[in-house]
Amino acid sequence: MKINYQLNLATQFSRFPAGRYKSDGPYSGEAFRDDFLIPYLREHKKVVVELDGALGYGSSFLEEAFGGLVRAGFRPAEIFDLIELHSRDESLINEIQSYIQHA
Amino acid sequence: MRRLRKRAVDVRQVLKREGAVAMGRGVMGRKADRKRWRVRRASERRLQRILKHRNRRALKLRIRERRSRAWHTPSREMVIPVPRNVTLNGRAHQAELTKFLHELRLSFRKKDGQLCIDFRQCRKLFPEGTLLFFAELTRLIEGFPAKARRCIPAIDVTVNGVLQHLGLYALLGHESARVPEGRDVVNWRVARAPNVDGERAGEALLAMEMSSERTSDLFRGVTEAITNVSNHAHIASRKDGLHLPIKKEWWMFCREDDDSLYVAVCDLGIGIPRSLPRVHASEVLADALSRMFGNRRPTDGRMIKAALRLRRTRTEQRYRGKGFTDILSVANRSEGSALRIYSNRGRVSYSADTLIPVIRDRTFKYSILGTIIVWVFPLKGKGHEN
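Residue numbers (our numbering), protein chains in the order written: chain R, 1 to 103; chain U, 1 to 386.
Do not rely on the hints blindly, as some may be mistaken.
Here are the computed lysine-lysine pairs in the DSSO-like style, where the Cα-Cα straight-line distance is at most 27 Å [what the hints assert, rightly or not]:
no.	chain 1	residue 1	chain 2	residue 2
1	R	Lys22	U	Lys248
2	U	Lys99	U	Lys365
3	U	Lys247	R	Lys22
4	U	Lys110	U	Lys60
5	U	Lys111	U	Lys147
Hints were generated in silico from the structure; no laboratory data involved.
So here's chain R without its partners, still in its complex pose (with noise of 0.2 Å):
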């Protein structure tokens, strides 16, 4: 039976987030993804993804990481169902869906 899972992108991935795919550097928005991202969606019902405690997001970052769904078959529906953001940001949950949406 799959469950939600808590996905804190600062300590579980890291707290310097930067970069847009893996050859740019270890923390990619596309590592994030590839890594952690898609495989948890595959796994559980819900991730649950906590964007607090990481110095902050740059758009290459936020764009290939969630946006990037997209393009790797998710559909823009179907992400919003899988994943719930969480941050005491609204501006970056608000940019995050835009990049979903217009991926």
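Starting from the known structure of chain R, fit chain U onto it as the hints suggest.
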């Protein structure tokens, strides 16, 4: 005695009459000639003063240029003096620094002979100029590790301290027993990495003790800048004549003084003016340039300005191209702050101080062969430095 005086007056009157007769114009004609002579003499004196001032100025420039040129000692050591002001602000200073870096590259290319960098004339270090010098020197030393090198330390105490604190003296084999101290010295922080290493950049920003919002904004802008380095800066050869292997390296300085906080990121790649035509479709770029600048020539400064406004519109990559928006947004969110981008021969200054943000572009004679992005924030409500 009375007789002699009378004779003298008579002689003068006689000479006057004779002179007037010789000129053939009478007494009034001689007055006009004297006036014309006086006017000519005055203009000659003025011209001599102007020429003297111009010659003095030309002489000063010639001496300054001679002192800035590299020279060989009898033992074939090449001595290259560092400019007085290590900065990219101002046409003359930018030319001086780029010429110095060019001579540095030439000297490293030569396999034989020792290199000596003379810091004695150096009086002031500015963040962007020092960052460019630091980046070039570290790249050259790593590219040519066998090149014999040394330096003559600076006379100025602060410059000495900063060069030691940044590790430049250590790179050139100079050891100083003095421990760098003073706020002007230890407030310089440096970070560098060969890839998009957010941790290195983040640690340097956290050491500056800024507010969490500003740190987060800057981290976003800096990581976008270094992501651009990884993706665009090294897609072609740098054309510096060195043929070194391509390394997607970046350097970062953070510096705080009494008035302002500076954060600068540098790369030694092909520059924005050369990468822009490779990143955007030619018809898109041509259309954007014609809308922005009409028929005017696309100089390096204008190309940087165009890059700030262009987004990637090729069908298969329309989700990209937001990096410069992040870089600009750092300056937009902080009142009184400014952004300067130097790339090759161009420079763009962005100021969010006014109601409508102003972007000014400028093009210099010589290229820095790379890109430097500088954010300047005022501290304690004071205006920022230019």
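Here's how the hints hold up against the structure:
1. R:Lys22 to U:Lys248: holds (14 Å)
2. U:Lys99 to U:Lys365: Roughly 11 Å between the alpha carbons, so the hint for Lys99 of chain U and Lys365 of chain U holds.
3. U:Lys247 to R:Lys22: Holds. Lys247 of chain U to Lys22 of chain R sits at ~16 Å (cutoff 27 Å).
4. U:Lys110 to U:Lys60: Judged against 27 Å, a Cα distance of about 31 Å means the pair is violated.
5. U:Lys111 to U:Lys147: holds (7 Å)
Taken one by one, the earlier hints fail for this structure only at number 4.
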